[in-house]
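Given the structure of chain L, go ahead and fit chains H and D onto it with the hints provided.
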Amino acid sequence: MLVTKMNDLYGRDLITTQDWSVEEIEKALDLAFEMKANRYDHPMNSSLDRRTFFMFFYNPSVRTRQSFEAAATELGGHAQFLEPKSMRLKTSKSAGETIEDAAQVMSRYAVGVGIRILETALEYYGQGDEILRQYAANSSVPILSMAHDKFHPFQGLADVMGYRQHAGKNLKGKKIVQVWGKGALVRSWCSIQESIMINSRLGMDVTLAYPPGYDLDPEVIKSCEANAEASDSTFEIVHDLEEGYKDADIVYSRNWMTSNFYDDMGKHGVDAAKKMEIEKAAKHDDWIANSEWMSKTNDAFFTHCGPVDRNAEVTDEVCDGPKSIVYDVAEARLHVQKAVMALTMGKK
Amino acid sequence: MLVTKMNDLYGRDLITTQDWSVEEIEKALDLAFEMKANRYDHPMNSSLDRRTFFMFFYNPSVRTRQSFEAAATELGGHAQFLEPKSMRLKTSKSAGETIEDAAQVMSRYAVGVGIRILETALEYYGQGDEILRQYAANSSVPILSMAHDKFHPFQGLADVMGYRQHAGKNLKGKKIVQVWGKGALVRSWCSIQESIMINSRLGMDVTLAYPPGYDLDPEVIKSCEANAEASDSTFEIVHDLEEGYKDADIVYSRNWMTSNFYDDMGKHGVDAAKKMEIEKAAKHDDWIANSEWMSKTNDAFFTHCGPVDRNAEVTDEVCDGPKSIVYDVAEARLHVQKAVMALTMGKK
Amino acid sequence: MLVTKMNDLYGRDLITTQDWSVEEIEKALDLAFEMKANRYDHPMNSSLDRRTFFMFFYNPSVRTRQSFEAAATELGGHAQFLEPKSMRLKTSKSAGETIEDAAQVMSRYAVGVGIRILETALEYYGQGDEILRQYAANSSVPILSMAHDKFHPFQGLADVMGYRQHAGKNLKGKKIVQVWGKGALVRSWCSIQESIMINSRLGMDVTLAYPPGYDLDPEVIKSCEANAEASDSTFEIVHDLEEGYKDADIVYSRNWMTSNFYDDMGKHGVDAAKKMEIEKAAKHDDWIANSEWMSKTNDAFFTHCGPVDRNAEVTDEVCDGPKSIVYDVAEARLHVQKAVMALTMGKK
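Residue numbers (the numbering used here), protein chains in the order written: chain L, 1 to 348; chain H, 1 to 348; chain D, 1 to 348.
Same shape as in the complex, but just chain L (with noise of 0.2 Å):
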């Protein structure tokens, strides 16, 4: 989708928060919660009505799917699932549609169109965020991102709903640490870094700690300190636990892989990259969410964006503790798409 308007989000992709002002984002957030508030009898509930949304899903998806799946549902459309093996698009081994016709002709049929394509489907980092750029060049309908190998914008989202839930609504000042976890699930880069990203944004003061080699993309870091600049607040990384947890008001826990990944993949598959993350990771066994860490904390919140990989990012009685809010940080992903996709694709 190529034509916006500033402050009228009819018609725009979300491949990334930060492609959006904060005042958008504010307007989707605040929908979201109407959303919640009035869950099958919002105004606006109707935005999809007859209308179809593709959701295109190179790599596999448990939340996602069933969170985007069930937000057409409620605004009375729905979401086609499809695959990749339905689509029998062009590669560089063999014949099929281009992207550019699979986009126009998808725009013909649907009013929006999300896509998901993480690593395992990629040959280099940054690949996945060009092609859903190129599917939003060549769509007249809006294009989101359900998660790529840079941005997941629908669980940055998701996350500050959950805190504004518990923590109120201005987050200003507070102090939240995104802190790496072990554990087996190899995770792409592309829910941690949207979340620093709008967190910065929106004037939290954000401390990202992780063990010596997992840095992330300096292109997001460096977003990161601007929009902390510009909000006035801090973003500082750090590599020692004690430093990160020390009177947090929210704890986010979560596994990422390093860098390496992507050459591991290319020059020994994706099984042999994948175990030798796994190796890497559990050498770190300080790196998980335990009351011990919580303790330092000023009595912070604890949120993960799930799938929870439990005992190895969090233990159990962190996770299913009082102060746990990753339920309703999961529930927040069906209300904050919900609002993204009556704002940007609902009928007028």
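Where hints are given, some of them may not hold.
The list makes no distinction among identical chains, and a pair is therefore deemed to hold if it is satisfied within one copy or across any two copies.
[Unchecked claim] Listed next, the in silico DSBU-like pairs over lysine-lysine satisfying Cα-Cα at most 35 Å (straight line):
| hint | residue 1 | residue 2 |
| --- | --- | --- |
| 1 | Lys283 | Lys93 |
| 2 | Lys246 | Lys90 |
| 3 | Lys323 | Lys348 |
| 4 | Lys280 | Lys93 |
| 5 | Lys274 | Lys90 |
| 6 | Lys36 | Lys275 |
| 7 | Lys85 | Lys280 |
| 8 | Lys85 | Lys274 |
| 9 | Lys169 | Lys27 |
| 10 | Lys283 | Lys85 |
| 11 | Lys267 | Lys85 |
| 12 | Lys246 | Lys275 |
| 13 | Lys275 | Lys90 |
| 14 | Lys169 | Lys280 |
| 15 | Lys347 | Lys323 |
| 16 | Lys93 | Lys348 |
| 17 | Lys267 | Lys246 |
| 18 | Lys222 | Lys283 |
| 19 | Lys323 | Lys90 |
Treat the hints as calculated values from the structure; they're not laboratory data.
Chains H and D alone, transformed into the frame defined by chain L:
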């Protein structure tokens, strides 16, 4: 779903009809007949308006998927089709999400969850029932069995609806013979077990007939005996076809596996275990519902829970004959599912 | 579906447009144009309210699945996506449900059934058409072809809708050249055969152009000749590109396989048979719709039934040029499908 109120089906699980009172079963059946009579016009036809029902198929299905998805559509909602590969659940061999977390999150997105889990996805008899009850304990929305190793409640309800459509509402004193049939499909115990339980519960005189070696779950047999006593009817087991068919008002024919299947699967793998069952079943040439056997009955109706393995469980002549009610029973699946969904999870 | 009334499309199958009268075809096309003009507001937009349409894909598809599922949604219903692995049908090699039983039961759950079955799921040419007619004979709801070995009625209708949108409603006397194109996708005969039949039926002057060795079904050719005679138009076959393109008003370019494909598949397997076809097709370098050939025409529109194999069947220059109508023809699939579904299975 944990909290229930007597005589109020809202919020209730359905894992077997044996968990519901006779009064509750009758309420569901009455509504099913009403919904059949007014297929697209019943006042409760908007019960699932814009709401999501998850169908989670550990094992694939034909009729169950078609009829549940159609039921949700006819009630104004949408049934999402989920398979294990798209769930990334934790197993003994791989990291992933726990059933507890999956159930909690699904409860946030949907008004109910249907689960199908059969022998080839399990390690021992009874494990499927345990898993369903684990989902139910952790879910805040109703859990419905779409067939599991022990029970198949919607098939049992549909069977009864079919009998009543043809033999009248009062089934007290009618003799039904539920007879094992040869065949190459290695059927689960779930349909036959559910059926003998609900039939004895509702006062039919049930004769269960099978060749030696095809004993069912002794706990289920005990329930049937208790049901018969409570409803003032009879329940008996015979291994003789003549005795089974004699004077029957309804003939129900169906293949099922021996109790050795799980062991054989563990020792030799699924395919070998199936082959062993097929070879065993092939020896019982007489165990087919044919015209000769039907001539011993009281001009009985013929029923089968489908899909039919023709010329193994039943001859074409009987299955296509004037007393066959197989298609009506298949249709009844839709109506009983609509009724139970409307009662347990419909909007108020 | 067996019983039909003339001039009343309710309950009718659509296996090829050749089975319908010209009057009936025109009725469907008129409604398609109306529905395009009032996409979400047409009075027949609730034709499938809460009703189920089954889409059964023996072979996968892109456009067909997307457009049929969207069509059902836009009519207020829901299209269920079914694949063979989820159907457990009886085959020559395995036990399972017969087509007769499957068709009878599906008729109880749905208001119509679409079926797609192409070469790689078949043993000989014509078997797909036989299977569709077997479903139709045993179903009490309409059976629609979503492309099979012989015909593709909705593509034929969409093609015509596209021409009329650009060349005007009256196509009598317009020359259309339907020209074979090189390419690596080994296309079925279904689209080209349906198209030459409906075009000759509606009075266009059809020139079918292809290199020696690419003959189509002789029965279809005979139908085209009869159609041309009945509609007072011309039908001719040429093997010369110059002659084909000369003075054409519309250019339709499309690859198709040779008649040897089934034999080769039987002898050498699917992949080898495809490779053989691709090698044969690659020899015909001139058979591409490019600017040079287009310059021989009467400033013709360019059309293709999609997905396009760019720079094989057509150059980017032509496909993206001002006379290309390929995206409008793709969109037309949606409208003609909505129209036929509303007419044949919509609520009254």
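- Query: Going through the earlier hints one by one, which of them does the structure break, listed in rising order?
  - Reply: 6, 14, 16 and 17
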